[in-house]
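Chemist: For chain A, the structure is supplied; the task is to place chain B on it using the hints.
One-letter residues, chain by chain:
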Amino acid sequence: MIEGIWTLIGDDLPALQIAVPLLAATLCILVRRPMAAWSVAMVVAWSSFANAGVLLHRVLTTGTISYAEGGWPVPWGIELRIDLLNALVLLVVTGICAIVLLAAPRSIKAEIPRDKQYLFYATYLLCMTGLAGMTITGDAFNIFVFLEISSLSSYALISQGSTRRALTSAIQYLVMGTIGGTFILLGIGMLYMVTGTLNIVDLADQLALVGPNRTVLVAAACIAVGVGIKLAVFPLHIWLPNAYTYAPAIVTAFIAATSTKVAYYVLIRFAYSIFRINLTFDGTQPSAILMMLGIAAMFLGSLVAIFQDDIKRMLAYSSVAQIGYMVLGLSFANEYGLTGGLVHVFNHAVMKCGLFLVLACVLLRMRSTRLSAFEGLGRRMPLTFAAFVLGGLSLVGVPLTVGFVSKWYLVLGALEAGLWPVAVLILMSSILALVYIWRVVEVGYFKAPPEGADEITEAPVSMLLPTWILIGSTLVFGVWTSLSAGVASAAARMLIGGGS
Amino acid sequence: MTAATAVGLAVAWPLFAVVLIIAFQRWPNLRETGTLLTGGSLFAIVAGVILPEVQAGGRPRFDVWEVLPGLDLAFEVEPLGMLFGLVASGLWIVTTFYSIGYMRGHHEKNQTRFYICFAIAISGALGVAFAANVFTLFVFYELITLSTYPLVTHAGTEKARNAGRMYLGILMGTSIAFLLFALVWTWLATGTTDFRPGGILAGKVEGPQLMILLALYAFGTGKAALMPFHRWLPAAMVAPTPVSALLHAVAVVKAGVFTILKVVVYVFGIDLLAATDASRWLTWVAAFTIIAASCVALGKDNLKARLAYSTISQLSYIVLGAALATTAGVIGGGMHIVMHAVGKITLFFCAGAIMVGAHKTEVSELDGLGRRMPFTFGAFLLGSLSVIGLPPMGGSWSKWFLMLGAAEAGQWVMMVVLMASSLLSIGYLMPVVVRGFFRSAPVDDGHGDHAGSGIHEAPLLCVLPPVATALGGIVLFFYAEDIWQLLMGMVP
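Residue numbers (my numbering), protein chains in the order written: chain A, 3 to 502; chain B, 10 to 501.
Chain A extracted, bound-state conformation:
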């Protein structure tokens, strides 16, 4: 029977990646009971994850997958196109969705009223639909459509936070995000005007014929700004710290590890596959701008992180800095640099999601994520805190953790581009990461908990498990790199080679 199902859906796996979560979201609303909705979401998320694994395997063995939606041939119909680049991103997105869901029931019980929880799961699946769609679609306009699906649902997710600040943060994100979406739409519209096509591969070919003209340049600028807002590139990051800080802990873990990563993917797709970098990103100027922004993000993000009292906010600023690394990798425009940026998508998703899940555990037990909540935590919640230390070390880039792999390729990229001062800056900023992480570690291990503090028990297994899956992964993928760095460098080679 399994054989039968396989022959039935085997070729439609790309479409299922979008259709199943979309339908399941409505199912969540129908079933209403929180645990039932959670079960639906779990089944869908884990099967999507498995599906993404199968797709990546197919791409690795048989090459790029092109799926014509509704049987309409490309370029007239809408295409789903999965190559090395987005197969890896898809794996990250679905994997994070699935693992974070494990921790969801216990965590949101404390933050979201019971009668709204089914809506949470429905929105969560919608967001996942949007992110997966953005990742695998082969159509520029559909990128915008799925971007809006994911954005609208993430505004809703963020507004579920337990404080009133969550609402203003969601509004702030909504305003910024809408501006970003509008810019993207403008850019895509201009490209359509010039080329008369929306299919990404076709767009690239047509643009090569058209050559660089002012409309294309403006389109590129619009798209860069629009995606830059979603990606939270410095100085377009101002929505991010608030959104991450006031969203429910689980939502922060989910969004921090997926949303900006997909936006980064879109930026690369546009820069390397559509504009083919040498068209409009030629000379040094656009990449020089990105480099400046990346470096500024690295330092300002980390510096601001050092002075945060709320650790969730601290990690949010740390994300701004880490996004700076990715943008920097992109700006080197060589194979090592791009590999570094891409592998950091994978690595940063794993470690930052793990760290935000640690904060979810802390929030659950201490009802706060302020620095004072960490006093004596090394003894009170040893497993949770050990996870924080390991995740933090990975963020610093200690060897045999994933952070080291990213840093290795980024520094190589900088040196390959002949930019040794930038290599120095990358390493310097890692030391800043050590400062903000160790500030928390010291409080956790050396400060005694305040007199008369409540007895605190270790976080529940259902939350520790996903946390440690991710933190464990930072070590596993720090040593076994053929999945992350292997695929990333193959994808980078493909992009630099000018493929699509």
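For the record, the hints were derived by calculation from the structure and aren't laboratory data.
The reader is advised that the hints may include incorrect statements.
As the list claims (entries may be wrong) - Taking lysine-lysine pairs in the PhoX-like style, the calculated list, with each CA pair at most 25 Å apart, reads:
{"id": "1", "chain 1": "B", "residue 1": "LYS309", "chain 2": "B", "residue 2": "LYS168"}
{"id": "2", "chain 1": "B", "residue 1": "LYS168", "chain 2": "A", "residue 2": "LYS449"}
{"id": "3", "chain 1": "A", "residue 1": "LYS449", "chain 2": "B", "residue 2": "LYS118"}
Modeler: Quick look at chain B alone, frame taken from chain A:
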């Protein structure tokens, strides 16, 4: 067991101690027996299986895993690493005995954590010693830093926390900013980070870049305590004395100078450095550190602080040996790793014994104490002689070779520096002995129970180890040729 398997086993072996320590944490005697058994068997593996192979000219190799293309975790034992591995594993046993006496005599808390971190640090030291390439060395270098951090901050006080901050800040900061940079650069220039006889950089990196790369390695190895990155070492003296003894006279700091020596011999190649003169500036930095740290030591009244600055000075002997880029220089440097380790660990053991037995920490308080603690002060005398470099102690040989190396390189100034440093070390070490033996004790030292004559030593386990290592210093004087024979294998 083949020597190659033994190499992999030796690095992992101390981790078995961790398992035993955790299993027996409720029964301190069993727990320490576990550490001792692991230490003893480790030394048996290193000295019994790996050493003969290396002496016979073999280079046992153990590959673990390829992390990134061209970036392997692998071990390969050559003479220099062999020597460092022997020192670290051998002195671990002695130090464990000493720790039992000290930690219990001093009623320290969290002893289980202490022994666990200690064992991990030893594993790190062996990993550094046996690393087959710069990457592996870097990995274990960081492991040492992280595993010794809880040891430095063991007391948990404000002072310990600040010391820990400086410790981690300098060691990790320099390693990330400079050493990692040097690692990436080396890989990009040569496509490998392997240690190979004669070096890998010849023809790949040239001119002033060679000097910059050397600077990145030398200053990136913060553990070598080259000025101006030396402040962490005196700060780390807040740790319990066994930690200061083994880690901050042997495993941690020696991992630092070992790294520099190994990089100079096997990455740069002394011929390349000698031909290009790229390491001349480093001889001056080392010379400055030697003299400046000795002068600071003269002014320190706290005994452990004085010993710490003495260590900084002595470490730069080894850096100097490497920077001279002559055969005698690197052999002298390699030999000094052993000789200084044995001498300095004796001195730290004695300092700890004085702390446990008489509750004294300052040099000015030691008047007349030698008559009450003759064995401790006797051992201190022998240890001092070794550090100064006088016969019949092993330290005289390493200094001899270093002098020879300076002469070979035609750097007469460095010979003067070495001699001046010997004089300075007499100046800061001998007062301790002189006060102890020849000054009379103050009439009322505030501790009624300690007053009176007669021998009143620290617990036996605090006294025997320094006596043993002091005598070891004499033995090394007579067996220096074996070390020389071994080290000759590293220069083609």
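Chemist: Are the hints correct? Go through all of them and say.
Modeler: Status of the hints after comparison with the structure:
Among the hinted pairs, LYS309 of chain B with LYS168 of chain B is consistent with the structure: their alpha-carbon atoms are about 18 Å apart, no more than 25 Å. Our distance criterion of 25 Å between C-alpha atoms is met by LYS168 of chain B and LYS449 of chain A, whose separation comes to about 13 Å. Taken as a hint, the LYS449 of chain A and LYS118 of chain B pair is honoured in the structure, with Cα atoms around 16 Å apart against an allowance of 25 Å.
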